[in-house]
Structure formats: C-alpha cells, structure tokens
Amino acid sequence: MVEKANFCSNVTGPRHNSTFVYGIKEGHMDYPWRALETASHPREISEVLAIFIPILMLPRLPRLLPHHHALRRSMSIMHPLASPVNLIHNQKPVHIPVKDRETGRETKKSLIEYVKETCPDLAGEHAQFVPTPWLFNGHLQTAYASAFNKSQTGSEVMYERKLIDTPDGGQIALDWTPILTQKPFDDTPTLVVLHGLTGGSHESYVRGLLEIVTRSPYNFRAVVVNFRGCAESKLVTPQLYSGAYTDDLRIALRYIRSEIPNAKLMAIGFSLGSNVLVKYLGEEGDRTPFIAGISVGNPFDFLWWVTQGDTDTSILYVLVHRGGSWYHWELDNLMVHYIQLNISSILLDRTWVGKNVYSHSMCNSLKASFARHADMLLSNPELDSTSIAAARTLREFDTAVTRVVFGYDTVNDYYRDASSSRFITRVRVPLLCLNAVDDPIAAGECIPYDECRFNPNVLLATTSQGGHLGWFEGLVDPKRWCIKPLSQFIAAMLESNLESPPVDGAANGATTDSSLKSQLRN
2 MVEKANFCSN VTGPRHNSTF VYGIKEGHMD YPWRALETAS HPREISEVLA
52 IFIPILMLPR LPRLLPHHHA LRRSMSIMHP LASPVNLIHN QKPVHIPVKD
102 RETGRETKKS LIEYVKETCP DLAGEHAQFV PTPWLFNGHL QTAYASAFNK
152 SQTGSEVMYE RKLIDTPDGG QIALDWTPIL TQKPFDDTPT LVVLHGLTGG
202 SHESYVRGLL EIVTRSPYNF RAVVVNFRGC AESKLVTPQL YSGAYTDDLR
252 IALRYIRSEI PNAKLMAIGF SLGSNVLVKY LGEEGDRTPF IAGISVGNPF
302 DFLWWVTQGD TDTSILYVLV HRGGSWYHWE LDNLMVHYIQ LNISSILLDR
352 TWVGKNVYSH SMCNSLKASF ARHADMLLSN PELDSTSIAA ARTLREFDTA
402 VTRVVFGYDT VNDYYRDASS SRFITRVRVP LLCLNAVDDP IAAGECIPYD
452 ECRFNPNVLL ATTSQGGHLG WFEGLVDPKR WCIKPLSQFI AAMLESNLES
502 PPVDGAANGA TTDSSLKSQL RN
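My numbering runs 1 ahead of the 1-based position in the sequence shown.
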C-alpha cells in the first residue's frame, strides 16, 4: 500500500502560542515571580532568575538582535567556551576497507584514522561545538529544540509513504525521500532513520539531516521507519512500541532489502530510536544488513537512575507554584517530544517535584497519545482503562501499559531489557555514538564509557554541552551543529568499501531477541 506523505512535506512540528507560553497577554507572567516567593535562600533566588530571564528572552532575542547592534556587540563579547569533541575508542579499533583515490586499490585504515581523515567536525583540530550564547546550558538547548521546533531545514523535505504489514496484523509506515517519482528504487546507498519518542519523519532533527544527505554532494536515499501509531500513521493492532522492542525494525528491513537488495544500508537513531537501534545491532551482531550505525542522544541505561539519580531538587522546587496550571501546561508542550519515557520515569519518581510536576505532566501527554488510539489499544483485554486513567507518573503509565502490552513481569524487568548499554559490546559494525554530557534527558551519567572503549567497532563522541537533540550554534536563527559531523560520518561509511552481507532470514526479521533476552534478563 502506498500513499504520499504530504503531511510531512513542510511540517514545522508542534505549534506553540508564544503569547500564552510566556504569559505576556494572558496574565500568567506572575507565575515566575511567585516562584521567587518560595525561595528563602539567596542561592535559590539567583537560580530562579538565572533560569527564567533567558527563557523569557528566547522567543524575542532572534528578532531583537538584527535590529539592536549594541546588543549584538555585547553578545559577541559573551562568546561561550567551546566544547571540544571528546573521542573515546578501543586502542585497536576495527579497520575500514577504503579505495585509495590515487591507485584505485583497496586499503584498510583504522576506524579512528579514517574518521580523522574524513570527518573534520568530528575528529579534526576544529572539532568542537560552540553553543549559541543565549542557549548556554542543556536545559535551554533542549527547550529551544522543543518549543521552537520551527523548520530548521530552510526548505521542504518531501516523503513518499509506504505502509507495510507485520505478522501480527499491524502496520509500519515507511517514509522515503527523495520520492520515488524523482528517484526510483536502485542501488543508491540508503540511510535508515529511527526517530525519538512520539516523533516521526516530520521532526526537525530528522529533516535537517535528510536535507543534507539526500542532496548534492551526497545524493543518498533515506527512509524513516516510523514507530507504530506515530507520524499520523493509523494503529491497526493493540500494540504501540517500546524502547526494548526491535522486531519492527527487522520487519522494516526485510521489506527495504526486498526493494533495494543491492544498496548499501546504514542506520541512524535519535533518542529512543537510538536505543532501539543499538539494542538491535547488539542482538544481530554480524548478521545485520547495516554496514554501520549512528546513535544520537541515546539514554543507554534505563535503570541507572534507580540507585544513582540526583535528589537535589532545590532548583526545581522554586520553579513550581502549587495548584497553578501554567507550569504543567508548559511542560506538556516543551518536553513531550524530547522525553525518554523510561529513564526519566525512574529519575522523576525519586523527587517530589519530579513526580508531581515533570512526571505528572509528561504522563498526561502520553495518555493523550494513548487516547488517540484508545479504541484499538483497549481491545487488549489485559489493559485496564481504570489503571491507565489513574496513572500520574511515567512509571505508573509504563506499569499500566508498556509492561502489559509487551508481557513483562514488572516495569523494572522492562527497563532492564530496554537498556541498550547491555548490548553495545555485542555490536559488530562501526558505530558512532554522539551524546551531550549536559543532556537533561539522556543524562551523561548513563553513557557506557567502558563498554564503548571495550568494543573496537564503537566510537563514542561526547560534548560537554548540547542538551537533548539540541547542539544549536549561531547567534541569530541557530542551527544544529550536530548535522555536520553526522553527515560527514554517514558519507565516510557509505563511500567506503564496506558491504552489506547477503540477504538471509536472520538479517531480515526471522530472528527475535528472545534468546538474548533469556541470557541477559538477569
């Protein structure tokens, strides 16, 4: 079944009424100032001002700067410290077969050597991220990525949608670009994309990258594998998706290989999608049809927060006005597209503010997503509508929905199985993992440094700043810095002599993660 995904052609993401969000015309500006009333310590007062003043300026600063030269000059003085790219890899990294440009003969170079030659923004002397001065921490970078999810591409990305059936009667929506009338199926190297939680092919971080890699000088093909029920796709069975479920990716790959059997395939995942991708790569080992992969903003370890989560809530506490609706409304709109369901649920439930503000608001957003497919989902007799309606935190939602749908005994059993950090040592193709240490969603403490260093196929790249799927640079109209190193790495891998293995059952969906699950569950 084929349909044109016209809704994705020029989508700018969720719409936000800035006059309401920031309360100027709606009379809600008193909420930040009421937060000051709860601050009893000078440090708490300064924290409130340090957070709210930049946030309140965000929607106005890009418009002000072009017309106020004095302000622009003062901002240039505030140039932030650059965040160099920190590369972590095995001392004996895997070797990549490449064609010598002068002799035409095949030679082999170590992964790190090859990356240094081909990816200057990832491993060169100028490999650094310089954040937008007024987006100077992870929270602001993340908020900008979400609340200001305007078109970061500068032009349209057109998709053609194909719906494929799954063995359980479900459907997966695949969005191809360029559309097939412009570029029919052939052996063009192809990038397979997995999006984040509640996202899809319309997300700005997806379109921003695809605008680059599908056009000159790269001219690759791309296909976005939308999770079930996402990107305006219809849910036809009572199953959504989760951070642990990888079989839909196998099913999608079986179809993709049938359409373009001679094309090189590479994959990239963002946020929740990166966790699914890394888990899949670890499960499949050298049987995967992907020649390489990229993980961006991966939460890695969904259980880390159980014992290590930060319990300092003073900053969050002074931001909350009990009984008010402003902050809850803010969170629903600012964070829903960038919250990793599982890792956040553990962290948030450890604190009063996390549980009653962040987790409660995001749970409401997830329940709203559930409601869009409620008729189908509630056809599962094991789902209890009363428990779902009563859920007030992400953990409670997972307990009522995700655990039940995917057959886990406990929600911790699900979190444990979903953690891709347990599978990263089993990856057998070159894998780039890009994370920001100040990511408030996929926290830096969860990055599996030792596991990445152990595997010669893995290259871990971190920046001290960047937030969650942010990495915005530039003073006016910021753009995502990460698109540059990501596109360079994609080109380096797809233009190398790496080849996809022959099509077989294992690589095309015949296997599941049940055997590994039994080995690793405990």
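Just so you know, these hints were derived from the structure itself, not from any lab.
Among the clues, some could well be false.
As the list claims (entries may be wrong) - Simulated restraints on C-beta separations:
id : residue 1 : residue 2 : range
1  : Gly445    : Gly125    : 20 to 28 Å
2  : Ser111    : Gly286    : 29 to 37 Å
3  : Gly286    : Glu107    : 22 to 30 Å
4  : Gly125    : Gly105    : 37 to 45 Å
5  : Glu500    : Glu118    : 38 to 46 Å
6  : Asn220    : Ala369    : 25 to 33 Å
Each residue gets a CB set at the ideal place from its N, CA and C atoms; glycine is no exception.
Each hint, compared with the structure:
{"no.": "1", "hint": "Gly445 / Gly125: 20 to 28 Å", "in the structure": "holds, 23 Å"}
{"no.": "2", "hint": "Ser111 / Gly286: 29 to 37 Å", "in the structure": "violated, 21 Å"}
{"no.": "3", "hint": "Gly286 / Glu107: 22 to 30 Å", "in the structure": "holds, 24 Å"}
{"no.": "4", "hint": "Gly125 / Gly105: 37 to 45 Å", "in the structure": "violated, 26 Å"}
{"no.": "5", "hint": "Glu500 / Glu118: 38 to 46 Å", "in the structure": "violated, 20 Å"}
{"no.": "6", "hint": "Asn220 / Ala369: 25 to 33 Å", "in the structure": "violated, 40 Å"}
Checked against the numbered hints above, the structure breaks hints 2, 4, 5, 6 and satisfies the rest.
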